[in-house]
Amino acid sequence: MTLFFENARLIDPETLTETAGNLVVDNGHIAAIGQMSAPPDARVIDCRGKYLAPGIVDIGVKIGEPGERHRESFRSAGLAAAAGGVTTLVARPDTTPCIDTPEILEFVTRRAQQAPVRIHHMAALTKNREGREMTELSFLLDAGALAFSDVTHVATDTKALSRALSYARSLGALVIMHPQEPGLSAGAAVTSGPFASLRGLPGVSPMAERIGLDRDLGLVEMTGVRYHADQITTQRALPALERGKENGLDISAGISIHHLTLNELDVGDYRTFFKFTPPLRSESDRMAMVEAVGQGLIDIICSMHTPADEESKRLPFEEASPGAVALETFIPAAMRLYHSGALSLPQLFRAMALNPAKRLNLPQGRLSEGAPADLVLFDPEAPFVLDRWTMQSKSKNTPFDGERMQGKVIATFVGGKQVHGPQTN
Amino acid sequence: MTFQARHLLGIEHLSQSDIRAVLDLAESYVDLNRRTVKKTDALAGMTQINMFFENSTRTQSSFELAGKRLGADVLNMAMQNSSVKKGETLIDTALTLNAMHPDLLVVRHPNSGAVDLLAQKVECAVLNAGDGRHEHPTQALLDALTIRREKGRIQRLTVAICGDIAHSRVARSNMLLLGKMENRVRLVGPPTLMPPGVDQLGVEVCDDMRTGLQDADVVMMLRLQKERMDGGFIPSEREYFHRYGLDAEKLAFAKPDAIVMHPGPMNRGVEIDGTIADDINRSVIQEQVEMGVAVRMACMDLLARNLRRERGRALSDGDYV
Chain A
1 MTLFFENARL IDPETLTETA GNLVVDNGHI AAIGQMSAPP DARVIDCRGK
51 YLAPGIVDIG VKIGEPGERH RESFRSAGLA AAAGGVTTLV ARPDTTPCID
101 TPEILEFVTR RAQQAPVRIH HMAALTKNRE GREMTELSFL LDAGALAFSD
151 VTHVATDTKA LSRALSYARS LGALVIMHPQ EPGLSAGAAV TSGPFASLRG
201 LPGVSPMAER IGLDRDLGLV EMTGVRYHAD QITTQRALPA LERGKENGLD
251 ISAGISIHHL TLNELDVGDY RTFFKFTPPL RSESDRMAMV EAVGQGLIDI
301 ICSMHTPADE ESKRLPFEEA SPGAVALETF IPAAMRLYHS GALSLPQLFR
351 AMALNPAKRL NLPQGRLSEG APADLVLFDP EAPFVLDRWT MQSKSKNTPF
401 DGERMQGKVI ATFVGGKQVH GPQTN
Chain B
1 MTFQARHLLG IEHLSQSDIR AVLDLAESYV DLNRRTVKKT DALAGMTQIN
51 MFFENSTRTQ SSFELAGKRL GADVLNMAMQ NSSVKKGETL IDTALTLNAM
101 HPDLLVVRHP NSGAVDLLAQ KVECAVLNAG DGRHEHPTQA LLDALTIRRE
151 KGRIQRLTVA ICGDIAHSRV ARSNMLLLGK MENRVRLVGP PTLMPPGVDQ
201 LGVEVCDDMR TGLQDADVVM MLRLQKERMD GGFIPSEREY FHRYGLDAEK
251 LAFAKPDAIV MHPGPMNRGV EIDGTIADDI NRSVIQEQVE MGVAVRMACM
301 DLLARNLRRE RGRALSDGDY V
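Taken in order, these protein sequences are the chains called A and B.
For what it's worth, this note's numbering labels the leading residue of the first sequence as 1, then goes sequentially.
For what it's worth, this note's numbering labels the leading residue of the second sequence as 1, then goes sequentially.
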């Protein structure tokens with residue numbers, strides 16, 4: 001099947017350009033880009049001047065399988081991803097039980113076939129994500145693990161961790177870690193400072209992130225492992241990251257879309273939908289992070305999609321579970337950064353699609369000839385008020401409920417197959 | 001009109017005139033409480049439920065007495081050994097109680113913000129009797145009444161709040177109230193017991209008692225909250241007393257007529273020297289307890305008036321249909 005997208009604004013994150021033109025998809029791949037006319041027999045899709053970009057590659061999506069299917073299943077997450085313009089998602093292993101054996105990995109791989117988008121899996125770095133004994137890294141790689149992560153659990157046994165990292169290095173595996181000093185952040189619900197003090201909530205110093213990153217980078221230097229920091233959210237951690245990159249370490253860093261678009265004051269009167277790990281930061285930290293994404297110092301923006309049921313959120317703030325769903329609000333939230341003039345569309349798609357694909361050695365995330373036709377057609381201007389009950393996700397814990405937003409996904413394509421949006425044109 | 005709120009959840013939402021309204025009304029209840037017959041019918045026919053998710057003897061009996069003197073039917077629920085242990089969530093507890101049609105709920109909870117959450121789910125007036133490290137509004141109001149009676153005013157005073165600020169909701173509510181009433185507030189304590197960034201909230205922060213107490217009109221001591229500590233905040237109680245305990249020598253840095261306050265219960269020899277606490281010329285600690293009942297009567301009276309007005313409005317709206 002041949003598709004012909006005409007009259008589109010094409011966002012190319014590799015060249016950081018945005019041009020008007022047409023695009024031909026043949027056999028699931030991008031066949032041509034330019035001012036050509038429609039090939040015979042092609043389905044013509046008139047983009048009406050809207051934007052066509054490579055689909056989002058999302059590192060770090062929590063899906064409730066196994067264990068918490070009522071929060072999110074592969075099918076519901078896949079529908080949410082398609083509706084949000086996410087064409088590849090990498091599922092996190094912080095499930096119940098966690099994904100720490102090839103058998104569980106095979107189970108989720110099978111379940112993932114129900115989703116309309118591409119799904120890859122991370123596996124736990126250590127058994128039960130406890131930071132003590134490494135998992136069967138080689139078997140897990142053979143079973144399809146794309147990266148290894150204990151997610152937000154930070155190993156305190158540095159010796160055991162260094163062994164796991166050395167072993168992972170010998171396999172060339174990517175390890176994703178959560179830079180945080182666990183002693184400092186124990187029991188914290190928000191970032192320490194005037195707001196935390198006023199609300200009487202236990203806070204963590206932003207310094208805990210830098211101390212955690214410093215340790216992690218020491219271990220990277222020691223073991224030579226390929227390392228990705230899942231979320232860098234504070235200004236103080238940036239110099240260490242920059243130095244590590246200058247010294248030639250094989251490292252990259254990510255941040256969630258929420259940490260780029262919200263700050264600690266959004267918690268307001270104990271709104272638990274604004275509780276995150278790590279907690280939301282000050283406005284000056286947020287602005288510094290946006291700038292770091294623009295410079296490319298922070299490589300990847302992810303959703304950190306974390307479905308939580310009402311029961312785990314309708315609790316006193318300290319007791320509520322952290323995290324928010326984000327697949328469907330990813331683009332509208334990112335458009336806040338575009339409309340405020342902080343980041344251009346190609347810069348955003350470099351961080352949301354190209355960089356994560358490169359880091360994971362995937363062919364996606366590109367708008368060039370030969371690349372897989374994983375595409376999102378969207379209108380960055382279209383306004384709407386978010387109603388969380390209209391979302392595809394089984395869980396509705398979004399911080400943007402009732403918010404005025406701009407940016408709607410019109411259609412999503414995975415391998416040239418339309419997975420979201422109107423079928424007729 | 002002042003004090004129109006449905007609930008009293010914290011000082012944060014009160015205005016200067018709200019605070020004055022409470023204090024003025026409380027004055028009349030001080031007089032009433034000193035009579036032999038102490039009963040009024042301000043809350044007659046109304047039901048007050050005291051829900052304490054955290055142990056309390058003093059505050060709970062103060063609220064109980066206040067409610068009874070106003071003529072309410074008062075029910076005490078000790079929540080720490082009830083349905084909470086069986087796994088019921090706070091919201092379900094609130095909904096269960098709501099179905100019993102109480103008019104006033106007095107709530108204490110170990111989590112900051114928990115009383116706000118509960119207030120969103122019930123139809124009656126909710127009074128925060130202390131939530132975690134967040135607020136304890138009636139304590140700040142009773143402290144204000146005590147200060148106003150002693151000093152003749154509640155503005156342009158220098159107030160030193162000393163000790164375990166980090167774990168204290170009393171400190172937060174007092175800081176907010178005294179700030180709103182245009183006083184100079186100093187927080188004095190070791191850095192380990194000082195909430196981070198609090199110096200950006202319009203108060204002065206000091207880690208030395210001598211500087212902190214300099215020319216103070218009011219010295220407010222706080223209890224060292226050992227039960228909220230997970231270790232290592234201070235080297236020892238005796239070193240703490242040496243550096244931060246209020247004794248005659250440190251009190252000498254304050255104004256000669258400075259008053260000494262303590263929300264209780266006191267740890268004598270830890271944060272305050274026994275002779276200072278008992279000095280009737282300086283200590284107003286007993287008066288604070290007395291003002292507590294009067295202030296709580298005033299708060300509940302005002303909330304009940306608002307509730308009646310609100311319900312009356314709903315009723316008359318119906319009549320006209």
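It is worth saying that the hints were derived from the structure and are not from the lab.
Glycine residues also receive a C-beta, built at the ideal position from the N, C-alpha and C atoms.
Incorrect hints may appear among the rest.
Here are the simulated DSS-like pairs of lysine-lysine, each with C-alpha atoms no more than 30 Å apart in a straight line [stated by the list, open to error]: (1) K151(B) x K396(A); (2) K127(A) x K313(A); (3) K38(B) x K313(A); (4) K68(B) x K38(B); (5) K313(A) x K121(B); (6) K151(B) x K86(B); (7) K68(B) x K396(A).
Counterexamples of contact, computed for chain A against chain B with all Cβ distances above 12 Å [what the hints assert, rightly or not]: (8) N7; (9) N27; (10) G67; (11) G200; (12) R226; (13) I251; (14) E318.
Have a look at the derived ranges for each label pair, beta carbon to beta carbon [stated by the list, open to error]: (15) G34(A) x Q120(B): 45 to 51 Å; (16) G202(B) x M207(A): 23 to 29 Å; (17) F384(A) x L75(B): 46 to 52 Å; (18) M207(A) x R238(B): 30 to 36 Å.
Do the hints match the structure? See the list:
no.: 1; hint: K151(B) x K396(A); result: violated, 54 Å
no.: 2; hint: K127(A) x K313(A); result: holds, 28 Å
no.: 3; hint: K38(B) x K313(A); result: violated, 45 Å
no.: 4; hint: K68(B) x K38(B); result: holds, 9 Å
no.: 5; hint: K313(A) x K121(B); result: holds, 15 Å
no.: 6; hint: K151(B) x K86(B); result: violated, 49 Å
no.: 7; hint: K68(B) x K396(A); result: violated, 45 Å
no.: 8; hint: N7; result: holds, 50 Å
no.: 9; hint: N27; result: holds, 54 Å
no.: 10; hint: G67; result: holds, 20 Å
no.: 11; hint: G200; result: violated, 3 Å
no.: 12; hint: R226; result: holds, 36 Å
no.: 13; hint: I251; result: holds, 30 Å
no.: 14; hint: E318; result: violated, 5 Å
no.: 15; hint: G34(A) x Q120(B): 45 to 51 Å; result: violated, 57 Å
no.: 16; hint: G202(B) x M207(A): 23 to 29 Å; result: holds, 25 Å
no.: 17; hint: F384(A) x L75(B): 46 to 52 Å; result: holds, 48 Å
no.: 18; hint: M207(A) x R238(B): 30 to 36 Å; result: holds, 32 Å
Violation of the numbered hints given earlier is confined to hints 1, 3, 6, 7, 11, 14 and 15; the remaining hints are satisfied by the structure.
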